[in-house]
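Residue numbers (this note's numbering), protein chains in the order written: chain C, 267 to 488; chain A, 80 to 362; chain D, 119 to 179.
Please note that the accuracy of each hint is not assured.
[Claimed, not checked] Where chain A lies over chain C, by a calculated footprint (3+ residues, C-beta under 8 Å):
{"no.": "1", "region": "373 to 382"}
{"no.": "2", "region": "424 to 431"}
{"no.": "3", "region": "469 to 477"}
FYI, nobody ran anything at the bench for these hints, they're computed from the structure. The beta carbon of each residue, even a glycine, is placed where N, CA and C say it ideally should be.
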Amino acid sequence: MWRDAVLVAGKDLRVELRSRVTTNQVAPYALIVLLLFGFAFDQDPYILTHAAPGLFWVAVLLCALLAIQRSFGLEAADGARDGLRMSGLDAAGIFLGKALAVAAQLAVLEAVLAGGIVVLFGARLGHPLLLGATCVLATVGLAAAGTVYGVMAAGLRVRETLLPLLLLPVVAPVLLGATQAWLAAVGLSSGGGWRWLTLLAAFAAIYVALGVLGFGTLLEEA
Amino acid sequence: MNYKSLSARPTSNHATLVVGGLTLVGLGVLLVLGLVVSPPDTVQGETVRLIYVHPASATMAYVGFGLCALGSLAYLWPRTRSLRWDRFAGASAEVGVAFCVTTIVSGSIWGRYSWGVWWTWDARLTLTALLLAVFLGYLALRRTGGDPVGRAKRCAVAALCCFLVVPVDHEATNWWVTLHQKDTLFRIGKSPLIHGWQLTTMLLSFAVFGLLFTWMLLHRLGIEALEDRIEEEGYVWAVAERRAEGVAQAPATGPGRPLPGPGLAGGPAAPTMRSAIPPGEGR
Amino acid sequence: MSAATGGWDYVAGGYGATVALLGGYVLYLRRRARVLARYLPTPAPEEPPAPPDPPATQEPG
Chain C
267 MWRDAVLVAG KDLRVELRSR VTTNQVAPYA LIVLLLFGFA FDQDPYILTH
317 AAPGLFWVAV LLCALLAIQR SFGLEAADGA RDGLRMSGLD AAGIFLGKAL
367 AVAAQLAVLE AVLAGGIVVL FGARLGHPLL LGATCVLATV GLAAAGTVYG
417 VMAAGLRVRE TLLPLLLLPV VAPVLLGATQ AWLAAVGLSS GGGWRWLTLL
467 AAFAAIYVAL GVLGFGTLLE EA
Chain A
80 MNYKSLSARP TSNHATLVVG GLTLVGLGVL LVLGLVVSPP DTVQGETVRL
130 IYVHPASATM AYVGFGLCAL GSLAYLWPRT RSLRWDRFAG ASAEVGVAFC
180 VTTIVSGSIW GRYSWGVWWT WDARLTLTAL LLAVFLGYLA LRRTGGDPVG
230 RAKRCAVAAL CCFLVVPVDH EATNWWVTLH QKDTLFRIGK SPLIHGWQLT
280 TMLLSFAVFG LLFTWMLLHR LGIEALEDRI EEEGYVWAVA ERRAEGVAQA
330 PATGPGRPLP GPGLAGGPAA PTMRSAIPPG EGR
Chain D
119 MSAATGGWDY VAGGYGATVA LLGGYVLYLR RRARVLARYL PTPAPEEPPA
169 PPDPPATQEP G
């Protein structure tokens, strides 16, 4: 299973590396979203600093949508999904591989966005351990849930509009938990940061488990 | 065509008539009890009468979502796999969404009176809104069409995915509110100990809304059955009909041409076509 | 306003919204069922529309 996962993740990342869609399109998009937040909140430094963690995670969600659509868009052409289905690779391995590749791209995007909110919103970063753990758990949760819903919508004609509707309400707790943990980490809310991590971990665990168990069924029908 | 007899009440049967009649009677009694007989409350005044619609409606929304999850589970379980369960899951989710919207709107009106705002980020409100959004997504996924079996599998997994994060949502919204909303300005005050007519009416409201839910669910299931029939045999019928029309018109357009073979002419064509597909296939 | 009406306006709003939404959903279900039924013929149409008799063949010329 893990060998298959590494294989699939390697394939997706190699395609990304060569096409540079994440670096040339999604990352600039993320920065534009941050700029738009700046316009929307009228350069009020107080609001921007305090809202920065939430805006950061909203931007991550928007980018995650693009990354997931891209991840399954790769296989839409030339019957590549049929190829994947018939490759004999373990379905759970395919799921883990695709989720890993999405998570890796999200990690890069989060680094870009973190730099963005520090520079543009004057956000402070603190408590690196809590911040790092938040990012890791939230990214795993987002990538796992995104991969599950991505394959669910992959074979449908309305996938571009359906995926946000399916995914965003489901990952709302990730947005909530990650924002609260981040607020606690930079001292903008009183304590309780580690408590939110358990929530993020539970979400990630549920979706990784669901993906490992159900991805085969979904891929079959995609 | 002369299909009027069926189209008058296409999803009615004895069960829906009985349940529907009981529901109507119950609703009448509930209105009288709720609006006339039961006394106003000392704290909430007349608005306490909303307690006879709002909680029952919320309960039916949760029942609908729960039944959707159960139906999906039954579909995914290999020994009970049947499109019946898929239909059941879809129907109960949709009826649940209808009750969920009703809950949010009636609750919002009540909240405007007792809290002074239409909406507040109370844990239960937030959770209900999230559930509504999640199940709207589920219904959108159901409407994508395609192969019924594939759609059923996809939707069943989606429903379970939605349902398994409900505890996480619940915890998240609870912590969020308790962490941030230290002033419980918008909390519902301690609910007055209800008794007498108030208690009777409230219990009745749950029963009546339960009946209403059942009645809607039965009709919604009937619609699912109709949709599946169209999916399975509808086009065969359409072809037969077109052919019959063509045959009927053929003499007018081309008077001199002989009719094609006897099997294709008019009436007999349709039954022959229909018999190609056994009724009730895949059900 | 609610002071004057004792909250009856909110009661009317809540009950009205409930009836309107659930009633609207019922009407929607009914309409959907009728539209669907229009596409489905009865299981066994008693009298299939008889094709008009072919006009008597005329001898050409």
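Now the hints, each set against the structure:
Three residues within the 8 Å Cβ limit are the bar, and the region 373 to 382 of chain C against chain A gives 0, so the coverage statement is violated. A count of 3 residues in the region 424 to 431 of chain C with a Cβ less than 8 Å from any Cβ of chain A is obtained; the coverage claim is therefore met, three being the minimum. For the region 469 to 477 of chain C, the proposed coverage by chain A is satisfied: 4 residues have a C-beta within less than 8 Å of a C-beta in that chain, meeting the threshold of three.
In this structure, the one hint that does not hold is number 1.
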